[in-house]
Structures are given as structure tokens and as C-alpha cells.
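There are 2 protein chains.
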Amino acid sequence: MDGEKDKQFDLRPARVNAAEQADRFGSIKRVDTVDDNHDYEDDHFQDQDINLSEGHIRDLPGESINDFSGPKNEEMSRDQVDFIYSPGEPIEDTVPQDPDLKLVENLMETDIKFVGRIFSVELDKVLLSDGRHSRREIVRHPGGACVVAMDSNQYIYMVRQYRLAFNRITLELPAGKLDTCEDPLSCAKRELFEETGIVAADWRELVTVMPSPGYTDELISIYLAEDLTRGEKNSDDGEFVSLVKLPLHEAMKMVLDGNIMDAKTCIGILLAARLT
Amino acid sequence: MDGEKDKQFDLRPARVNAAEQADRFGSIKRVDTVDDNHDYEDDHFQDQDINLSEGHIRDLPGESINDFSGPKNEEMSRDQVDFIYSPGEPIEDTVPQDPDLKLVENLMETDIKFVGRIFSVELDKVLLSDGRHSRREIVRHPGGACVVAMDSNQYIYMVRQYRLAFNRITLELPAGKLDTCEDPLSCAKRELFEETGIVAADWRELVTVMPSPGYTDELISIYLAEDLTRGEKNSDDGEFVSLVKLPLHEAMKMVLDGNIMDAKTCIGILLAARLT
Chain A
1 MDGEKDKQFD
11 LRPARVNAAE
21 QADRFGSIKR
31 VDTVDDNHDY
41 EDDHFQDQDI
51 NLSEGHIRDL
61 PGESINDFSG
71 PKNEEMSRDQ
81 VDFIYSPGEP
91 IEDTVPQDPD
101 LKLVENLMET
111 DIKFVGRIFS
121 VELDKVLLSD
131 GRHSRREIVR
141 HPGGACVVAM
151 DSNQYIYMVR
161 QYRLAFNRIT
171 LELPAGKLDT
181 CEDPLSCAKR
191 ELFEETGIVA
201 ADWRELVTVM
211 PSPGYTDELI
221 SIYLAEDLTR
231 GEKNSDDGEF
241 VSLVKLPLHE
251 AMKMVLDGNI
261 MDAKTCIGIL
271 LAARLT
Chain D
1 MDGEKDKQFD
11 LRPARVNAAE
21 QADRFGSIKR
31 VDTVDDNHDY
41 EDDHFQDQDI
51 NLSEGHIRDL
61 PGESINDFSG
71 PKNEEMSRDQ
81 VDFIYSPGEP
91 IEDTVPQDPD
101 LKLVENLMET
111 DIKFVGRIFS
121 VELDKVLLSD
131 GRHSRREIVR
141 HPGGACVVAM
151 DSNQYIYMVR
161 QYRLAFNRIT
171 LELPAGKLDT
181 CEDPLSCAKR
191 ELFEETGIVA
201 ADWRELVTVM
211 PSPGYTDELI
221 SIYLAEDLTR
231 GEKNSDDGEF
241 VSLVKLPLHE
251 AMKMVLDGNI
261 MDAKTCIGIL
271 LAARLT
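For the protein sequence lines, the chains are A and D, in the order given.
135 is the number that this note's numbering gives to position 135 of the first sequence; each next residue is one higher, with no gaps.
166 is the number that this note's numbering gives to position 166 of the second sequence; each next residue is one higher, with no gaps.
A few of these clues could be false.
Computed footprint of chain A on chain D; a stretch qualifies when at least three of its residues, placed anywhere within it, have a C-beta under 8 Å from a C-beta of chain A [unchecked claim]: (1) 125–138; (2) 158–167; (3) 209–221; (4) 265–273.
With a cut-off of at most 30 Å between alpha-carbon atoms, the simulated DSS-like pairs for lysine-lysine come out as follows [what the hints assert, rightly or not]: (5) A:K102 x D:K189; (6) A:K102 x D:K253; (7) D:K113 x D:K102; (8) D:K102 x A:K253; (9) D:K253 x A:K189; (10) D:K189 x A:K189; (11) A:K189 x A:K253; (12) A:K253 x D:K189; (13) D:K189 x D:K253; (14) A:K113 x A:K102; (15) A:K113 x D:K102; (16) D:K253 x A:K253.
Quick caveat, the hints were computed from the structure, so don't treat them as lab data.
Please read these numbers as outputs of a predicted model, since none were measured by experiment.
Don't be surprised by glycine CBs; every beta carbon is placed ideally from N, CA and C.
Using the sequences provided together with the hints, build the complete structure.
Written out as C-alpha cells, the structure is:
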């Protein structure tokens, strides 16, 4: 438990790459206080519930924007913010840790609500720093990888695919979810080949992102793949994706115009465009 | 049903903003073939199941990257891709729709597996274009909004908050989930004020993104907010978030270094940086 705590308070930013990901997150994802036999009643925490909405940390029911009467056009000063990073200061050295202590929640109990093939769902009970309890709904997902495959003419390869969640076809970078025990780079190589028939000799991790940290532990590693070699598209198995070739700058326009909406795809394209 | 089909095949890209979002997605999110009484057995689709992993459309179990033997350093040609967009061509005019027909899935049945306060979970049965059935696990989420609040010195305001999914404190843009019947811009204004005490006079939508379209219908609208007015931070209710002020270019560095990992935050910062 002390080991968990140490990790929990190691808040200074550090480069996270695919290789470190398992250590950084794999080992701290689950806290071992799961009580599978606990029977949650619907209103178990009702009196104490606060702070349930994702990213909606402060709940000010009596206050509205119309009540606001602060001075106009003044910047937030040092006594009004918890941290100020100034230009040129190394960020690592300017992050005090004490103001964060109030943020931390301690997991009390976990109730598994759904186990699927893609994800599972937990309802967790947490202890807040003020002594109150709350509940958190968490989607546990294995994570995935995503690829900007760019040829020497700065064309990239994307897929059009049907997304049931939106009843709509989207334009996305080749991507997929990690197989059991698969590292993100292997996943990226496999998914690129399966979806496009492309093999790349030059791989570079751009970033690893949390698509929606308010309720899911999914992590997606995004790669730039260059020095491409093409394969024949397998027409039988390729029935469920359309392969699209387009210039990176056209994809960039589609992000800015709102025509590409998949978050990992937006990030991959925006970052690749910075490098070219 | 014909109306649904028409929408489903309207695949040409179009600008999606917050105001249009409800029309574009709200009306087509749900298909009315829900059968609440249907009892899914665990192995109901086992023989026919394919294509279940997110973004992992082609499943080629017998094929590996080592089997690949295509010619080296050749670009994908027109007969190997379904769509090619060339520089200068307006993308809307170069999108044939026929190759997409094979992608579309028809929802047969929906089974609600979990109903929470933040999201609910469905297990859907779909009919694929080749006549086979498959299952999809979908998280239904109300969506949210997120704000890059930037002052006249190009400092932005962010929040450090605890994320149970990762047992970790993250640095994110102010954001939150839509209240019932709330539009994304109202949500953005409310969340910015609640989390930071800031009110902004100048609002511009940057993009609306799908954080993880493979399994959730969540949409997040990202705004740039300028001409800021500050309020006093409410210390009681602010216990669960630390407010951070930092130059936009420092935040940009943290995205590139992997120290900011929240996807909506990465996109907001990358887009705001393009505008400055």
C-alpha cells in the first residue's frame, strides 16, 4: 500500500512512451481492494454523493455565471491559482505537490457490472479527501495503437469504417485494440498491415493519449510510420473497410473543418503535420 | 427506416459544429429496433462472430507481417485503394459512395447491460453486409465540452485532477459533461466558471471530436475562450481540482513530450497553438 501511495504522489511530468506504458500504468491501474461480494444498493451513497460528473469537479449549485462579479480583464494572480508555470522555467521544477493532496481519491470497493469482449465496466466506491464517499463508473479497456503511415510524397493512408455508436461512416487512421500481452508498437504494425496491406520500415512514437480519462482507462499510442512498402489488398477480408489515400495537408484541412472527428486521428494528423 | 438509410449513406464530409451536432447525431444515434425482452445467451453468436475488435476491421488470422512480400517502396496505386484524394481537388467531389456500401452494419437488437449516472452500456447485435451477424459493445454517454481559456498574454488555465481510471493526477483543460438538454457551448461556459472562476467574452468553437468511436458515442466540443474576466476561486468547492496557469507554448511542449495525455486537451492545445 505504501508502494501504491508513492506512485500515486509521483506527480511530476515524465515522458511516457509505449515501452514505459506498461510500467507506468499497468502496475497502478488496479487497486487491490476489490470486494466482489459486496452488494451495492441503488441508493447506497445517495446522501453523500457529490462530484460524479466527468471533469466536473467543483459543484456550485447556488452560483451561476450571472452571479459573477469579479474585476474585468485582470489576469489570475498567484494567490488565485495553485500552480503558475512561467515561460522558460522548467516545468518539472515548478510543480509543488502539496496542493494536489486534496485531489486524491482512495478506492474502497469495486463492483464489476459488465464483462464484454472489448471492455468491462466497474462501479467503484471512493473515499474523497474530505471524508465523503462517492461512486465512479469506469470502463476498463485494453488500450490500442494508431498509425500515421506517410509515404515519400506526404500522402497518408486512412480507412473509412462504419461506427455503430454514431450510425455513421468515419474517416480514421488505421488503428486497433491491443491483443492480450501485445505491446503497442506490435499492435500498430499488425493493424496497419491488416487494414491497409502496408509495411513500414521506419517507426516513431508520436504520443500516447487517454481518449476519455473521466471514465475509461483506455490508452492509445500514436505512431508515425514511414518508408512504406505496399502489399496486395486482400479483397475478401477487406470488405469491411475502405482504404483512402490522401495528402497529409488535405487531412489536416479536414481536421480543421470538422470533417475528421476521431480524436486519435486528429492528434496523429496534427502532430505529423508539425513534423513535415 | 428509409429516412434512417438516407442519413446513413450521406457520407460526404460536412462541417459539424456544436449547433448542428444534435441534428447530425442526436437524431441518428438510436435505431428503433430495440428488443428489451431478447435474452442474449453467452454463445449466441459464437459461430458467426467476426470483426469484434475496435478499429480492427479485417481479421486475418493466417497472415502475419512476415508473410508479406509486396514490392518495396512503391506507392499504393489507384487500383489498390478505394479513394484517392489529390492535392487541390475539393475532397467533397472526389468521394464516391459505392465502396462504402459494404461497410454499413444494420442494428438488429439492443440489450441494455448497465445504466449508470455517467453512461450506460448496450450489447448490440448487427447484420453485416456479407449476411453474417456480429456483436458490438457500446457505451452511451451524453457528451461534453472543453475549453482553452487564453488570456491576452497567451497564458492558459488548466486543472490538475485525480482520475480514478489511471489512479493518477492529470493536467487537463477545464471540461465536463453535458447536463440534460444542455448545449455544448453552455456546458463549456458553465464548466469553465465552475472549475476556474473564469468568465470569457469571446468564444469560438475549434472542433467537435469523438474520443473513442469504436465503442462510445461520446462527443466533445472544444472551444477557445478569450477576453477573460476572473472571479474569486471558491476554496470550499475547489478542493477537488488544482488550478494551473501556464503559457500556451509550455502546454504545447508538454503535449509533445507526452506529459499531457488527455486527448481533448492535446487537441485543444494543438489547435489553439496554430491560431497564435
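Okay, the hints, checked on the actual structure:
no.: 1; hint: 125–138; in the structure: holds (count 8)
no.: 2; hint: 158–167; in the structure: holds (count 9)
no.: 3; hint: 209–221; in the structure: holds (count 12)
no.: 4; hint: 265–273; in the structure: holds (count 4)
no.: 5; hint: A:K102 x D:K189; in the structure: holds, 25 Å
no.: 6; hint: A:K102 x D:K253; in the structure: holds, 27 Å
no.: 7; hint: D:K113 x D:K102; in the structure: holds, 29 Å
no.: 8; hint: D:K102 x A:K253; in the structure: holds, 27 Å
no.: 9; hint: D:K253 x A:K189; in the structure: holds, 27 Å
no.: 10; hint: D:K189 x A:K189; in the structure: violated, 41 Å
no.: 11; hint: A:K189 x A:K253; in the structure: holds, 26 Å
no.: 12; hint: A:K253 x D:K189; in the structure: holds, 27 Å
no.: 13; hint: D:K189 x D:K253; in the structure: holds, 26 Å
no.: 14; hint: A:K113 x A:K102; in the structure: holds, 29 Å
no.: 15; hint: A:K113 x D:K102; in the structure: violated, 34 Å
no.: 16; hint: D:K253 x A:K253; in the structure: holds, 23 Å
Against the hints set out earlier in the document, violations occur for numbers 10, 15.
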